[in-house]
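Trainee: Sequence:
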Amino acid sequence: MGKFDALFEDEDDIFAGTPQSRYWDIQSQLSQDLIKDEFDVLVGRIATLEAMLAETHDLENLDKMIMGYKYENLAKLEELKKSVYMELAGQLIYRVSE
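In our numbering, the protein residues as written are 773 to 870.
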């Protein structure tokens with residue numbers, strides 16, 4: 773269960789849209805420099821996760837392993853994705869208010 777699951781029991785209720793649509797609404801209001809910086813943070817996070825996986829798994833098969841996990845856990849990952857979108861939207865809002 774993701775951090776923000778309770779907010780989206782009814783996706784169109786509390787924020788008048790999905791976490792994904794709310795993220796893109798917020799993102800479209802920001803400066804390009806801030807967007808690029810946040811994207812760089814996200815790419816860094818992905819690179820870190822890949823490096824962590826590579827320590828215990830064969831890099832050659834990493835994509836295959838990730839896709840296999842994705843297909844075996846679609847529902848769980850869709851729920852987690854909502855929380856990730858909310859976390860990223862929160863980061864954007866925080867950065868604007870600094």
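Don't read these hints as lab results, they were simulated from the structure. Treat the hints with caution; some may be incorrect.
As the list claims (entries may be wrong) - Distance windows between CB atoms, simulated:
{"id": "1", "residue 1": "T820", "residue 2": "T790", "range": "22 to 28 Å"}
{"id": "2", "residue 1": "L825", "residue 2": "L802", "range": "19 to 25 Å"}
{"id": "3", "residue 1": "T828", "residue 2": "S803", "range": "22 to 28 Å"}
{"id": "4", "residue 1": "E844", "residue 2": "I807", "range": "31 to 37 Å"}
{"id": "5", "residue 1": "I818", "residue 2": "A847", "range": "20 to 26 Å"}
{"id": "6", "residue 1": "E844", "residue 2": "L806", "range": "33 to 39 Å"}
{"id": "7", "residue 1": "L834", "residue 2": "S869", "range": "25 to 31 Å"}
These numbers come from a predicted model, not from an experiment. All C-beta atoms in this analysis are idealised placements derived from N, C-alpha and C, irrespective of residue type, glycine included.
Trainee: Indicate, hint by hint, whether the structure satisfies it.
Mentor: Evaluated hints:
Look at T820 against T790: about 27 Å separates their beta carbons, and that is inside 22 to 28 Å. Distance hint check: the CB atoms of L825 and L802 are about 31 Å apart, inconsistent with the given range 19 to 25 Å. Under the hint 22 to 28 Å, the C-beta atoms of T828 and S803, about 39 Å apart, miss the expected range. Judged by the Cβ atoms, the range 31 to 37 Å given for E844 and I807 holds: they are separated by roughly 33 Å.
In this structure, I818 and A847 meet the distance hint of 20 to 26 Å, their C-beta atoms being roughly 22 Å apart. Taking the beta carbon of each, E844 and L806 are about 36 Å apart, inside 33 to 39 Å as hinted. Separated by about 37 Å at the C-beta atoms, L834 and S869 break the suggested range of 25 to 31 Å.
Consistency note: the structure conflicts with the earlier hints numbered 2, 3, 7.
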